[in-house]
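Visitor: Here's the letter readout for the chains.
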Amino acid sequence: MKSSKILSILTIALVPVFLAAIYLVFFYAPIEASLGFSQKIFYFHVPLSWNALLAFTAVFIGSIGYLRTEKKSYEIAARAAAEIGLLFTTLVLITGPIWAKPAWGAWWMWDVRLTTTLVLWLLYVGYLMLGGAVEEEGKKGRFSAVYGIVAFVDVPLVFFSIRWWRSIHPVVFEFRSGGMGLDGQMQVAFFFSLFAFTLLFAALMMLRIKIGQAEEEVISLKEGS
Amino acid sequence: MKTFKQLYALIEKDIIAQLRTKDMLSAMFIFILLAFVILNFGFFEVLEVIKQNPKVVGSVGGLLWVALIFAAVLGLNRTFVLEKDEGVMDGLLLAPFDRSLIYWGKFISNIIFLLIIQVLSLPVFILFFITQSFASQAWLLIITIILGDLGIVAVGTLLSAISVNTRARDLMLPILFFPVIIPLLIGVVKLSSFVFAPQSNLVTIRVWLQFLGVYDIIFLIMPFLVFDFVVED
Amino acid sequence: MNKTETDNYLEVKNLSKIFGRRKVLSDINFFLGKGEFVTVFGPNGVGKTTLIKILSTILNPTKGDFCLEGVSAKRDPVFIRQNIGVLSHNPYLYPDLTAYENLRFFSHLFSVEKVDERIDYLLELVGLSERRFDLVRTFSRGMQQRIAIARALLHEPALIFLDEPHSGLDPLAVEVLDETIGGLRKSGTTFIMTTHSLEKGLVLADRALILSAKGVVFNEPTKDVKVGDFKDIYLKQVSG
Chain H
1 MKSSKILSIL TIALVPVFLA AIYLVFFYAP IEASLGFSQK IFYFHVPLSW
51 NALLAFTAVF IGSIGYLRTE KKSYEIAARA AAEIGLLFTT LVLITGPIWA
101 KPAWGAWWMW DVRLTTTLVL WLLYVGYLML GGAVEEEGKK GRFSAVYGIV
151 AFVDVPLVFF SIRWWRSIHP VVFEFRSGGM GLDGQMQVAF FFSLFAFTLL
201 FAALMMLRIK IGQAEEEVIS LKEGS
Chain S
1 MKTFKQLYAL IEKDIIAQLR TKDMLSAMFI FILLAFVILN FGFFEVLEVI
51 KQNPKVVGSV GGLLWVALIF AAVLGLNRTF VLEKDEGVMD GLLLAPFDRS
101 LIYWGKFISN IIFLLIIQVL SLPVFILFFI TQSFASQAWL LIITIILGDL
151 GIVAVGTLLS AISVNTRARD LMLPILFFPV IIPLLIGVVK LSSFVFAPQS
201 NLVTIRVWLQ FLGVYDIIFL IMPFLVFDFV VED
Chain Y
1 MNKTETDNYL EVKNLSKIFG RRKVLSDINF FLGKGEFVTV FGPNGVGKTT
51 LIKILSTILN PTKGDFCLEG VSAKRDPVFI RQNIGVLSHN PYLYPDLTAY
101 ENLRFFSHLF SVEKVDERID YLLELVGLSE RRFDLVRTFS RGMQQRIAIA
151 RALLHEPALI FLDEPHSGLD PLAVEVLDET IGGLRKSGTT FIMTTHSLEK
201 GLVLADRALI LSAKGVVFNE PTKDVKVGDF KDIYLKQVSG
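Protein chains in written order, with the working numbering: chain H, 1 to 225; chain S, 1 to 233; chain Y, 1 to 240.
Rather than coming from a laboratory, the hints here were simulated on the basis of the structure.
Heads up, some of the hints might be wrong.
Stated by the list, open to error - Here are a few chain S residues that face chain H, going by a calculated C-beta distance under 10 Å:
1) Ala35
2) Asn165
3) Leu184
4) Val189
5) Val207
6) Met222
7) Phe227
Unchecked claim - Mimicking DMTMM-like on lysine to aspartate or glutamate, the simulated pairs with C-alpha atoms at most 20 Å apart in a straight line are:
8) H:Lys72 - S:Glu232
9) S:Lys84 - Y:Asp96
10) Y:Lys74 - H:Glu70
11) H:Lys140 - H:Glu83
12) H:Lys140 - S:Glu232
13) Y:Lys63 - S:Glu232
14) Y:Lys23 - H:Glu136
15) S:Lys2 - Y:Glu156
16) H:Lys71 - S:Asp228
17) Y:Lys23 - S:Glu232
18) H:Lys71 - S:Glu232
19) Y:Lys23 - H:Glu215
20) H:Lys139 - S:Asp90
21) H:Lys139 - S:Asp228
22) Y:Lys114 - S:Glu12
23) Y:Lys74 - S:Glu232
24) S:Lys22 - Y:Asp96
25) H:Lys140 - S:Glu12
26) Y:Lys23 - H:Glu70
27) S:Lys2 - Y:Asp96
28) H:Lys139 - S:Asp85
29) Y:Lys74 - S:Asp90
Glycine included, every Cβ here is placed at the ideal spot set by N, Cα and C.
Extracted from the complex, chain H is given alone in its bound form:
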């Protein structure tokens, strides 16, 4: 099958891509002046974060698709995106403090991005728990889809409300991320790392969707008619 070929190619490609990324991050990119070696976690933290948001968008699109077409494939895709998104978001929440401690001396601070990520994490968990708590198939898909839409719409609201809330008080700590302020070699490492993680996301999605579709087939074979 075509898709399993793509998946195999992707999976195999991941190994050299990640090896290259690790090389670029740890050996090619220079050590950053003020923060030192610990700054390198940024090369993992930010790509993970972007992909977590990408996953959430996939949940949103899959949810809309499911409500409009009632095709199970949308539900499977949305749920896959939610699981992978949760994984990535968890890693963001772990790498965040690992960076924060050496950088500012505190493990956690309620800054905009980290807090929004925390809320994103909670929304993912809610979405997956909802899926687990509904027994009837049709309802599970519909309820999850509705919550997927509600949660997605909520994220920008969360982001802006926290940003404006914090801007009243002087912002002491804020993660500076994105390509700004990075010199040439760092940018290369960063964007390649971004590419690597996006590839990983794609591979995990395809894998998880395949598993989901296989589960569907098994169950419908079991129930026969």
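Given chain H, work out where chains S and Y should sit, using these hints.
Guide: Structure of chains S and Y alone, referenced to chain H:
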């Protein structure tokens, strides 16, 4: 118009049923009182400091909203319980109107119940925690409560229609609801801090009022798009 | 409101329902004339209640559609609901409201005119006028079903669904139900009933349908069928 009569019938039904049993109202009210007491003991020293410091005295408003939101979740949980447990939902589904009318009926009933609770518990809150007069900012408190209620009930009613169908019914609503309500919570707490504080900043106030307005509009439109999918059997 | 020319009062076309992965109804087709009383027989789980739920628009079919007086349910479900009444195992009553309040509530939902008069008449019909201001919570099951009959008839529906209406009823309630059905039949109301009682189902009906996993396997007027024969036909159809 026919639709308004039907909407009125839906609201009337919920109000009569609730006034008769008073289970939701009394539970919410007692809960808020308890929340005030417990929060007071949990943050006693903090509250003492806040009361003395004019720069942060307004933040006591946060306490009010924490108690309110928890009480609201308690009440919202019961929105569709009657229909679900007694199996009367099908009776509503048989009615000759657009299904979203069921949502709006519940929405308005819930707003009424929430307002009743707020009217009763606000004096208690002021008694327990407010030492200075805020009469000149009372208008802001009223607007904040209205905007806050609209958002809480809009989101809560929609999500409770979902959660009433799940296994861990009482726990599911808070899990789904709290992350979604965070922006609104930030907004109402922010505005409340201006209510209970001596100084004011009209520009900031206007920004937050607009933000709450946007939040409310978004989540008031949402049911039109998705409620049918939730209530379909 | 697109009306298509047809003689049939109710037309069911290729109705199918799949719950998740389970196919509960497949390709149901039948017609009903105005004023007919049809009983749908079938074993437990074959989908009788699902069929009633779909025809009363509580559930959406996975495939297919049906028309009432030429009006498609997909296009105008509100029209369908305004013209049907449903008496089911569940009385659809609010326990903390009085009988009167319940009936008034549904009257307003169905835009019934002269509400109080209608409620008085129906309560009289089902023999519960003295209990009008009592909470439904205090009623026995038979009494609740009698109020449910009143509820179903508030808006004078032309088509009434009876989903195993006799189950669990005390003799008085059964009598009230049968008398009410008799009276309504005379005024031309159309009925669809599901029941486990072969005898009762045949006696009341103009036509009998048997539903099996394959769909509608029997669809004949009852005057041509004797009760004893029917039992054999039924057993043969559902075990095959």
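Visitor: Hint check: Y:Lys23 vs H:Glu215, CA-CA at most 20 Å. Holds or violated?
Guide: Cα-Cα ~18 Å, so holds.
Visitor: Between H:Lys139 and S:Asp228, is the straight-line Cα distance small enough, at 20 Å or below?
Guide: 12 Å, holds
Visitor: Under the criterion that the straight-line Cα-Cα distance not exceed 20 Å, is the pair H:Lys72, S:Glu232 satisfied?
Guide: Measuring from Cα to Cα gives roughly 17 Å; hence the hint holds.
Visitor: Next pair to validate is Y:Lys74 with S:Asp90; report whether the Cα-Cα distance is within 20 Å.
Guide: 18 Å, holds
Visitor: Holds or violated: are the alpha carbons of Y:Lys74 and H:Glu70 at most 20 Å from each other?
Guide: Given pair Y:Lys74, H:Glu70 holds - Cα atoms ~16 Å apart, limit 20 Å.
Visitor: Is the straight-line distance between the alpha-carbon of H:Lys71 and that of S:Asp228 20 Å or less?
Guide: With a Cα-Cα distance of about 17 Å, the restraint between H:Lys71 and S:Asp228 holds, given a limit of 20 Å.
Visitor: Against chain H, with CB atoms and a cut of 10 Å, does the hint on S:Val189 hold up?
Guide: Constraint on S:Val189 satisfied, holds at 9 Å.
Visitor: Can you verify the interface hint for S:Val207: is its Cβ closer than 10 Å to any Cβ in chain H?
Guide: 7 Å, holds
Visitor: Quick one, are H:Lys140 and S:Glu12 close enough, alpha carbons at most 20 Å?
Guide: 32 Å, violated
Visitor: Are the Cα positions of H:Lys71 and S:Glu232 separated by 20 Å at most?
Guide: 17 Å, holds
Visitor: Under 10 Å is the threshold here; is the Cβ of S:Asn165 close enough to any Cβ of chain H for the hint to stand?
Guide: Where the cut-off is 10 Å and the nearest Cβ of chain H is about 6 Å from S:Asn165, the hint holds.
Visitor: Taken at face value, is the distance from the CA of Y:Asp96 to the CA of S:Lys22 at most 20 Å?
Guide: Holds, at roughly 11 Å.
In summary, the numbered hints that this structure violates are 1, 25, 27.
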